[in-house]
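Novice: Sequence:
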Amino acid sequence: MTSQDPAIAIEPDGDVHVVWEDLADGDSDIHYRGTNAQRWGAIQEVTIGTTSEKDPDVTYGDRKIHVVYTGDALSDWDIYYTYNMGTG
1 MTSQDPAIAI
11 EPDGDVHVVW
21 EDLADGDSDI
31 HYRGTNAQRW
41 GAIQEVTIGT
51 TSEKDPDVTY
61 GDRKIHVVYT
71 GDALSDWDIY
81 YTYNMGTG
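First residue of the sequence shown: 1, per our numbering; consecutive thereafter.
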């Protein structure tokens, strides 16, 4: 597993959220891992598909984890956004 380009966000209560680009199977995907009550949760794949995604960033606000990244859909790089209501 080759990982690169990490980004981190920390909630006021100390919970940590990390996203990064993971290079596997010839393309790159965005992964997420966070803490909840000082324990690391499972690694989650944010992007699922056959295109390459890169340049992730993460922030926390309005009780949501916000993630943006670029993706190569149909040979055209676009900006994507997703969010998660939970932590960890």
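Accuracy of the hints is not assured; some may be wrong.
[Said to hold, decoys possible] Taking CB as the label site, the calculated pair distances span:
id	residue 1	residue 2	range
1	Glu45	Trp77	17 to 25 Å
2	Pro12	Arg33	15 to 23 Å
3	Gly49	Thr2	31 to 39 Å
Rather than coming from a laboratory, the hints here were simulated on the basis of the structure. Keep in mind that this is a model prediction, so the values were computed, not measured. The beta carbon of each residue, even a glycine, is placed where N, CA and C say it ideally should be.
Novice: If a hint holds in the structure, say so; if it doesn't, say that too.
Specialist: Quick rundown of the hints versus the structure:
1. Glu45 x Trp77: 17 to 25 Å: holds (20 Å)
2. Pro12 x Arg33: 15 to 23 Å: The hint (15 to 23 Å, Cβ to Cβ) holds, given that proline 12 and arginine 33 are roughly 19 Å apart.
3. Gly49 x Thr2: 31 to 39 Å: violated (19 Å)
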